[in-house]
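Here the structure of chain A is known, so what remains is to put chain B in place on it, guided by the hints.
Residue numbers (numbering that gives the first Met the number 0), protein chains in the order written: chain A, 0 to 301; chain B, 0 to 301.
What the hints contain is simulated information worked out from the structure, not anything from laboratory work. Honestly, I wouldn't trust all of these hints.
[Unchecked claim] Computed Cβ-Cβ distance ranges for the label pairs, DEER-style:
{"hint": "1", "chain 1": "B", "residue 1": "A270", "chain 2": "A", "residue 2": "D199", "range": "46 to 52 Å"}
{"hint": "2", "chain 1": "A", "residue 1": "N252", "chain 2": "B", "residue 2": "S192", "range": "27 to 33 Å"}
{"hint": "3", "chain 1": "A", "residue 1": "D265", "chain 2": "B", "residue 2": "T262", "range": "37 to 43 Å"}
{"hint": "4", "chain 1": "A", "residue 1": "A34", "chain 2": "B", "residue 2": "D199", "range": "51 to 57 Å"}
{"hint": "5", "chain 1": "A", "residue 1": "D265", "chain 2": "B", "residue 2": "A201", "range": "44 to 50 Å"}
{"hint": "6", "chain 1": "B", "residue 1": "A201", "chain 2": "A", "residue 2": "D199", "range": "41 to 47 Å"}
{"hint": "7", "chain 1": "A", "residue 1": "E26", "chain 2": "B", "residue 2": "A19", "range": "56 to 62 Å"}
{"hint": "8", "chain 1": "A", "residue 1": "N252", "chain 2": "B", "residue 2": "A270", "range": "31 to 37 Å"}
{"hint": "9", "chain 1": "B", "residue 1": "D199", "chain 2": "A", "residue 2": "K235", "range": "47 to 53 Å"}
{"hint": "10", "chain 1": "B", "residue 1": "G253", "chain 2": "A", "residue 2": "A34", "range": "20 to 26 Å"}
[To be verified] Residues from chain B that face chain A, not an exhaustive set, calculated with beta carbons under 10 Å:
{"hint": "11", "residue": "H172"}
{"hint": "12", "residue": "C175"}
{"hint": "13", "residue": "G212"}
{"hint": "14", "residue": "L222"}
[As the list claims (entries may be wrong)] Listed next, the stretches of chain A that the computed footprint assigns to chain B, with coverage defined by at least 3 CB atoms under 8 Å from CB atoms of chain B:
{"hint": "15", "segment": "121–135"}
{"hint": "16", "segment": "141–152"}
{"hint": "17", "segment": "155–166"}
{"hint": "18", "segment": "220–231"}
{"hint": "19", "segment": "255–268"}
{"hint": "20", "segment": "280–288"}
Glycine included, C-beta positions come from ideal geometry on N, C-alpha and C.
Number of protein chains: 2
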Amino acid sequence: MIAGIETGGTKIICAVAEEATPSRLVEVIEFPTGAPDGAGERIRAFLGERGRRVDAVGVASFGPLDLDPSSPGRGRITATTKPGWAGTSLAELIGPHRSMTLVSDVTGAAIGESAYGAASGVSDVAYVTVGTGIGVGAILSGTPVSGVGHPEMGHLPVRRHPDDDFPGVCPFHGDCVEGLASGPAMAARWSRSTRALGADHARAVQIESSYLGQLLATVLYSLVPQRIVLGGGVLKIEGMLTGARAAMRREVNGALGAGHPSTEVDAFVVAPALGDHSGVLGALHLARNGAFARTDSLAAAG
Amino acid sequence: MIAGIETGGTKIICAVAEEATPSRLVEVIEFPTGAPDGAGERIRAFLGERGRRVDAVGVASFGPLDLDPSSPGRGRITATTKPGWAGTSLAELIGPHRSMTLVSDVTGAAIGESAYGAASGVSDVAYVTVGTGIGVGAILSGTPVSGVGHPEMGHLPVRRHPDDDFPGVCPFHGDCVEGLASGPAMAARWSRSTRALGADHARAVQIESSYLGQLLATVLYSLVPQRIVLGGGVLKIEGMLTGARAAMRREVNGALGAGHPSTEVDAFVVAPALGDHSGVLGALHLARNGAFARTDSLAAAG
Numbered sequence: 000m001i002a003g004i005e006t007g008g009t010k011i012i013c014a015v016a017e018e019a020t021p022s023r024l025v026e027v028i029e030f031p032t033g034a035p036d037g038a039g040e041r042i043r044a045f046l047g048e049r050g051r052r053v054d055a056v057g058v059a060s061f062g063p064l065d066l067d068p069s070s071p072g073r074g075r076i077t078a079t080t081k082p083g084w085a086g087t088s089l090a091e092l093i094g095p096h097r098s099m100t101l102v103s104d105v106t107g108a109a110i111g112e113s114a115y116g117a118a119s120g121v122s123d124v125a126y127v128t129v130g131t132g133i134g135v136g137a138i139l140s141g142t143p144v145s146g147v148g149h150p151e152m153g154h155l156p157v158r159r160h161p162d163d164d165f166p167g168v169c170p171f172h173g174d175c176v177e178g179l180a181s182g183p184a185m186a187a188r189w190s191r192s193t194r195a196l197g198a199d200h201a202r203a204v205q206i207e208s209s210y211l212g213q214l215l216a217t218v219l220y221s222l223v224p225q226r227i228v229l230g231g232g233v234l235k236i237e238g239m240l241t242g243a244r245a246a247m248r249r250e251v252n253g254a255l256g257a258g259h260p261s262t263e264v265d266a267f268v269v270a271p272a273l274g275d276h277s278g279v280l281g282a283l284h285l286a287r288n289g290a291f292a293r294t295d296s297l298a299a300a301g
Numbered sequence: 000m001i002a003g004i005e006t007g008g009t010k011i012i013c014a015v016a017e018e019a020t021p022s023r024l025v026e027v028i029e030f031p032t033g034a035p036d037g038a039g040e041r042i043r044a045f046l047g048e049r050g051r052r053v054d055a056v057g058v059a060s061f062g063p064l065d066l067d068p069s070s071p072g073r074g075r076i077t078a079t080t081k082p083g084w085a086g087t088s089l090a091e092l093i094g095p096h097r098s099m100t101l102v103s104d105v106t107g108a109a110i111g112e113s114a115y116g117a118a119s120g121v122s123d124v125a126y127v128t129v130g131t132g133i134g135v136g137a138i139l140s141g142t143p144v145s146g147v148g149h150p151e152m153g154h155l156p157v158r159r160h161p162d163d164d165f166p167g168v169c170p171f172h173g174d175c176v177e178g179l180a181s182g183p184a185m186a187a188r189w190s191r192s193t194r195a196l197g198a199d200h201a202r203a204v205q206i207e208s209s210y211l212g213q214l215l216a217t218v219l220y221s222l223v224p225q226r227i228v229l230g231g232g233v234l235k236i237e238g239m240l241t242g243a244r245a246a247m248r249r250e251v252n253g254a255l256g257a258g259h260p261s262t263e264v265d266a267f268v269v270a271p272a273l274g275d276h277s278g279v280l281g282a283l284h285l286a287r288n289g290a291f292a293r294t295d296s297l298a299a300a301g
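Only chain A is shown next, with the shape it has when bound in the complex (with noise of 0.2 Å):
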């Protein structure tokens, strides 16, 4: 068998499969991701399940992470904020004597839904989240872009929009797009939960495509996809998704050319079709077509 994790700085999806149809879940758990050792104990247990081998496994990891094959911290998270995971190896959770494909968790969402949902069939296509962090992932000309790194693209510079002062809540930045767009950016910003923004909705949406609108249009002038799905919680408000096609379409005003597939704004810029499981299908889809490292060596090297 094969498997797919998904360790998301929230919860941790695990999922298993036969090799030849990867898509089709045999078995999957969620629970929430807490502290590494937690993770790992409850990843490796689920791996060896009722006594079934499986030997390869993809991860989808939140990151940054380091996938440098030159680097002796291969395989591990580096920078994060999240408390006692920086330094961690994904090889020490998976457990040894397993072949291992490490890529970022919106990496993986990008493969799960160019595989198998809203962009099959598209060799450029970029992943981008818009939740608890904004994240970014891409695959060009069929191969994800994941070699000794991957995109970051959540630390974004972006225009202020001019009604709003909020100062931002990233720790590196104050104002990125993350500081000033992500799902606890908003909450923070009308002091109420993304669900609940009542009266102030229009306002809201307003400013928040400002920024999205901001963040697409980078995506499509660095990345060049031929299609953007556009995830996470913060799609979830209302009017959200219509407000930030709007935004990109405002934002490029046609430098691109009349013919160029993002003047469709609708058919370029897309919702998942794979719920919360296109981290964990990318995931698999990895398992079975990855280049593969040992988890014993990378767990060595560190």
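Chain B in isolation, oriented as in the chain A frame:
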């Protein structure tokens, strides 16, 4: 023999070399870009001069370019504001019965600097030019980002420097990074050539650095290069490279971790090593190694 051609916004450079030694230029000419008809005549005359036989041609052209293999406009310049050039087929400029590989001018420069210059031996490279325009080319895991499209990062939204009220020169956006920080933008802001900033030199470098810092940080976050080659006319201003490096470091502010190669900013952001020939050498490298389409079929397709 093989040929490399850089069709820049200002001038065109053509070079021929033996296939075994693409970086040793046998003959090179350059002339002002002018109109496409005249440019095509000079290019075709050069390729056929003194009876030499040039079969494979690499082309690095200003854009935006249609590179999509499935597009009827493949191999053409699309939404340029350069008079006469919108819709131009590069294959027609080269002439029939030849093989052509086409990339954007800055992708060509990235390939040249990666193969023979300031980024040789580095698998993940971005080339950033700040001159008449602002452009970014990228190589990820050894492969140019040039599948169905190419980066168009001149249009990035940027935060204004607080002391800058210049409206910007971009016809699409006014104050995108090209509108505020290209050579023509600087010349218009200070009402003089960037070679004669005089008493405004220090302020000009400070304001320009703030924009280049955002540009470089965005390149870093999105394309995750291991090195950035930063060239173009604006970088010839004294103190500009140092200012841009410092601004990128302030902009990132440690968000990618203490071990990230970008923290060694002098080694991470470097000047080009090939002078004016980055693009044409990249085009020659492509002429030897690229995936070719026949000029006949490309010209006919449009």
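Against the structure, the hints:
1. The beta-carbon spacing between A270 (chain B) and D199 (chain A), approximately 49 Å, falls within the hinted interval of 46 to 52 Å.
2. A hinted range of 27 to 33 Å holds for the C-beta pair N252 (chain A) and S192 (chain B), which are about 29 Å apart.
3. A beta carbon spacing of about 41 Å between D265 (chain A) and T262 (chain B) agrees with the range 37 to 43 Å that was offered as a hint.
4. At roughly 55 Å, the beta carbons of A34 (chain A) and D199 (chain B) sit within the given window of 51 to 57 Å.
5. At roughly 48 Å, the beta carbons of D265 (chain A) and A201 (chain B) sit within the given window of 44 to 50 Å.
6. Distance hint for A201 (chain B) and D199 (chain A): a CB-CB separation of about 44 Å, consistent with the stated range 41 to 47 Å.
7. For E26 (chain A) and A19 (chain B), the Cβ-Cβ distance of about 58 Å falls inside the hinted range of 56 to 62 Å, so the restraint holds.
8. Evaluation of the 31 to 37 Å hint for N252 (chain A) and A270 (chain B) yields a pass: the beta carbon distance comes to about 33 Å.
9. Remark: the range hint 47 to 53 Å for D199 (chain B) to K235 (chain A) is upheld by a beta-carbon distance near 50 Å.
10. Between G253 (chain B) and A34 (chain A) the beta carbons are some 24 Å apart, a value that agrees with the proposed interval 20 to 26 Å.
11. The beta carbon of H172 (chain B) comes within 6 Å of a beta carbon in chain A, closer than 10 Å, and the hint placing it at the interface holds.
12. Hint on C175 (chain B) holds. Least Cβ distance to chain A is approximately 8 Å, under the 10 Å limit.
13. Proximity of G212 (chain B) to chain A holds as hinted, the smallest CB-CB distance being about 9 Å (cut-off 10 Å).
14. This hint holds: L222 (chain B) has a C-beta 6 Å from the nearest C-beta of chain A, less than the 10 Å allowed.
15. Note: the segment 121–135 of chain A has 3 residues with beta-carbon separation from chain B under 8 Å; the three-residue rule is met and the coverage holds.
16. For a cut-off of 8 Å, the count of residues in the segment 141–152 of chain A with a CB near a CB of chain B stands at 9, and the three-residue condition holds.
17. Coverage of the segment 155–166 of chain A by chain B holds in this model, with 5 residues showing a Cβ closer than 8 Å to a Cβ of that chain against a need of three.
18. Evaluation of the coverage hint for the segment 220–231 of chain A: fulfilled, as 5 residues show C-beta separations to chain B shorter than 8 Å, against a requirement of three.
19. A count of 5 residues in the segment 255–268 of chain A with a Cβ less than 8 Å from any Cβ of chain B is obtained; the coverage claim is therefore met, three being the minimum.
20. For the segment 280–288 of chain A, the proposed coverage by chain B is not satisfied: 0 residues have a C-beta within less than 8 Å of a C-beta in that chain, short of the threshold of three.
Hint check: a violation occurs at hint 20 only; the rest are consistent with the structure.
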